[in-house]
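*Asks:* For the record, the sequence lines run as chains A and B. Letter by letter, the first sequence follows residues 8 to 280 in my numbering. Letter by letter, the second sequence follows residues -10 to 182 in my numbering.
Please note that a few of the clues may not be correct.
Unchecked claim - Derived CB-CB ranges, DEER-like:
#1 Ala52/A x Asp169/B: 14 to 20 Å
#2 Glu27/A x Glu3/B: 36 to 42 Å
#3 Lys107/B x Gln173/A: 47 to 53 Å
What the hints assert, rightly or not - For lysine to any residue, the following SDA-like pairs were computed, each having C-alpha atoms within a straight-line distance of at most 20 Å:
#4 Lys38/A x Val56/A
#5 Lys23/A x Glu3/B
#6 Lys71/A x Glu3/B
I should point out that these hints are in silico values taken from the structure, not numbers from a laboratory. Here the structure is a predicted model, which is why all the values come from computation and not from measurement. All C-beta atoms in this analysis are idealised placements derived from N, C-alpha and C, irrespective of residue type, glycine included.
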Amino acid sequence: MNCRQALKHLYDVIDKEANEVDVKEVERHLKMCRHCMAQYEFEKAFKAVVQEKGSNPGDVDKVKDSIMAKLDAIDAAGEVGPTRTPFKWHLVAMASAAVIVLCIIAAVSLSGPGETPQTASNDTPAATAPSTDDPIPHFIMAHMAHSNGNGEKDTHTDPLKYLYEQTGILLDKSPKFPVENILSVSVDTILGVQFGCLEMLNNHGELVTVFLTTSDKYDLPANPVAMVDGREMVVHRCEKCTLVGMEKKDLIYMVVSDPKCEPKELAEVASFF
Amino acid sequence: MADHKQTELRKRFEREAMVHVDALMRTARRMTKNEADAEDLVQEAMLKAYRFFDKFEEGTNCKAWLFKIMTNIFINNYRSKAKAPQSLAFDEIDDSFLFGQLAKTKDVPDPERELFSKIFDDDVKAAINELPEDFRIVVVLSFLEGFAYQEIADITGLQIGTVKSRLHRGRKLLQKNLWDYALKNGYIKEPQN
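Excised from the complex, chain A in its bound form (with noise of 0.2 Å):
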């Protein structure tokens, strides 16, 4: 090994990420060269400076005793662990967007160029089932909760205008996007997109969390469904938006519009509810 091959491989032994065989050949290599080694004891040493001078969180109390008091308010409020169905996806949906982004590109090149309109046997998730045997109250009850746990802007006289300050997304008040079944309006960034996340009821009395972005950063097929993780996911598209309902027990459903998209042509979307 030169000094060349050796400079190479400095830092990553350094930070002791080299393999043996490198480290070993390094490690001659220093034994043999002054200058080299003089510089390999000058790296670790600065890192060995920063990592010591660098250290010191500081101050933490302050946000320990806030945190543990939010905890309190979370628990209060039941919103962990097995109670809270509504916004479990949250995790999974963070967790597997890249998964469902990659099947979702995955299933435009497969299903060809074709932009027809989706077939009418498999294209509504109110097709599906009612999922669970009380899902309103469930729900209604985790909402609350929400509200007063953590001390996100979730309760809202007016929840499309939270909404549309939040994200200028801006759904009218259509009869087929039921205002008064929406319970919660909050925005979550999810893989770098933002979406407003409405917690609502749907026609059929179900829980849905229906997530809104004006983002450009998903480009959604116009195949009817998708393959998602083993699970069939339904695929409905207008002319600007794209929504996907995954069929689970709580139904997901994801608006992607274009912020040029008309009210009234989200609300004929919506209409699948």
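Given the coordinates of chain A, work out where chain B should sit on it, guided by the hints.
*Replies:* For chain B alone, coordinates are given in the frame of chain A:
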């Protein structure tokens, strides 16, 4: 009701997650460069983690999991809206810039020790803060938190090669920043060429 489970979960959260608040705050302060934002960021990350803690697999790397949540929130919500141009001239910095500068310093017998003993915590923190954001995150996760390259890749969603190259450039730039501090504060004299 699930009160019993809730208590168990809370206990486990305090035992496994709360212990990392110090580290999260340390990194959050460097990420946001702002005390109030750092506190908000850590708090948001911890509350989100708690809500999903029943999904966290016991025995896996809790610190990395928390850092991933926090880094995601930071990247999505806190990072500077108008991205400053990051095409700094650090490519022009020699790989062994600081080492080379110190080697030229003749007025003290051991300039390296001289410099390292004189710089303060605040100098190091300020030098880190001055790194462009993309490099800063990777440097902090590696240097201060001791995460492995692969862990940093998982936390930031970057390719491991990108992590390595950012870390390499970040390291060089950090040395340059520290050198500038050392000169400015008179810890060391500019070598005569």
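*Asks:* Taking each numbered hint in turn, which are not upheld by the structure, reported in ascending numerical order?
*Replies:* 4, 5
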